[in-house]
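Engineer: From first to last, the protein sequence lines stand for chains A and B.
This note's numbering numbers the first residue of the first sequence as 624 and each following residue consecutively.
This note's numbering numbers the first residue of the second sequence as -16 and each following residue consecutively.
Treat the hints as calculated values from the structure; they're not laboratory data.
Some hints here could point you the wrong way.
To be verified - Far from chain A by the CB rule (all over 10 Å, computed), these chain B residues:
1. D(-2)
2. L13
3. G93
4. D99
5. L101
6. P109
7. F130
8. G144
9. R154
10. G163
11. R195
12. F196
13. L199
14. R217
As the list claims (entries may be wrong) - Chain B regions said to be covered by chain A (calculated; three or more residues, Cβ under 8 Å):
15. 17 to 30
16. 183 to 192
Every residue gets a Cβ at the ideal spot worked out from N, C-alpha and C, and that includes glycine.
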Amino acid sequence: MSLAVDSETSPPAFIVPAEVVERLTARELEAALGRLPEDQREALLLCDLWGFRYAEIAEIVGSPIGTVRSRIARARSRVSALLGKTARETEDRSKR
Amino acid sequence: MTCQQAAELLSPYVDGELAPADRTEVDAHLAECASCLAQVESARCLKHAIARLAGSEEPPGAVRARIEALRFPRPAPSYRHRLLALTLAVVLLTFAVYAIRRQTPALPFGDELISDYLHSLPEVRPVEVASSDPREVIRFFSGKTPFAPVVPDVPSARLLGGRLCTVAGRRVELLFYSHGLSRQNFSFFVCDHSIEDTGCREYRGRLVCSRRFGKLTVLAVGEVPGHILEQILREATL
Chain A
624 MSLAVDSETS
634 PPAFIVPAEV
644 VERLTARELE
654 AALGRLPEDQ
664 REALLLCDLW
674 GFRYAEIAEI
684 VGSPIGTVRS
694 RIARARSRVS
704 ALLGKTARET
714 EDRSKR
Chain B
-16 MTCQQAAELL
-6 SPYVDGELAP
4 ADRTEVDAHL
14 AECASCLAQV
24 ESARCLKHAI
34 ARLAGSEEPP
44 GAVRARIEAL
54 RFPRPAPSYR
64 HRLLALTLAV
74 VLLTFAVYAI
84 RRQTPALPFG
94 DELISDYLHS
104 LPEVRPVEVA
114 SSDPREVIRF
124 FSGKTPFAPV
134 VPDVPSARLL
144 GGRLCTVAGR
154 RVELLFYSHG
164 LSRQNFSFFV
174 CDHSIEDTGC
184 REYRGRLVCS
194 RRFGKLTVLA
204 VGEVPGHILE
214 QILREATL
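In isolation and in its complexed conformation, chain A is listed as follows (with noise of 0.2 Å):
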C-alpha cells in the first residue's frame, strides 16, 4: 500500500490517529518535520511553534497568504501521514 503524501492535488487529509500523536515522543515528531521541504517546515514552524498568525507569516516569508495557508495545510498532511507511517513500522516490529 502506498501512502499519497505528496499529492498537491488532493486535499490535505490528517490521517493518523489523535491517540497516535499524543504518545509521540519528540524525536519522532522531529524526525518527521526535518523531511519536510524547507518552505512548508518554515511555515508549519512559525505558525504551531511560535504563534504567528498566517498574514505575519507571509510578510515574514514573503510569499501571498495563500501560499502560506496551503504550505501549513501540505505539512501537516505530510507529517501526519509519515507519523501513521512510523506507528504502523513500530507496531509491525513489536508484533515480530
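Knowing the structure of chain A, use the given hints to seat chain B on it.
Structural biologist: Same frame as chain A, now just chain B:
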C-alpha cells in the same frame, strides 16, 4: 458542504484563520461527519504536540533574521513624529476605555475575579495541573466543577495548566496560557455564572473580556494588550 470541500478548510479551521461564514459551515459539517471531526482532532493534537517542542526547536537562521528585520524594521522616528503618535495613542486609548465602560455593564464579581487571578498566578502559587494537553487538564477538573469541564482551544496560544478557583461562591476553572511568540501569559476563567452581556471592562486597572459559549462563560484576563485579549477570546473554540 461535502467532505472534499471541508478538507480544504480543516487546517485553517484548526488555526482559527477561517472567515466567520466558512467557520460556521465547517462547524455544521463537523456536527454530522465523524471522519472530518477525527481529522480535526488529529490536526489539533499535532498542533499541540509541535507547540510542546518549544525550546528544543529554534527558528532557522534565515527565518530568525527575517523575523528580527520585521520586528525592528524602521529607524527611530523623529521627536515630532513620536509626540504626534503619543498624542494620537492617548486620544484613542481614552476613547477606547470610555467606549468599553459605556457599553459593557459591570460584572457583579469583577473585582473578586481580578483578586483571584492575581493570587493564583503560577508565579505566586503553583498550578494544580501543569500540562499543555487539554485532555489531561479536563481530567483534572472532572467532578470538581458544577458543569462538565472544558478547555478552550486558542490557536495562537499554548496551554500551560490550571487550578480550581471559587468565584462568587461557585467553583470555576482557571486556565493559564502563553500567547504566541511573545510568551505573554493570559488566563481564562470558565464558569457557569449567568452573565447577561459579553464584552470588555476594566476592574482594578485590568481588562476583563467575556464571551458566552452556550451555558458557560469564558472570562479572559492577562498580561497581553486589550485588543489581543479580545482577539484571543474571538478565536477561542470549545
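Engineer: Okay, which hints does this one fail, numbers in order?
Structural biologist: 1, 10, 16
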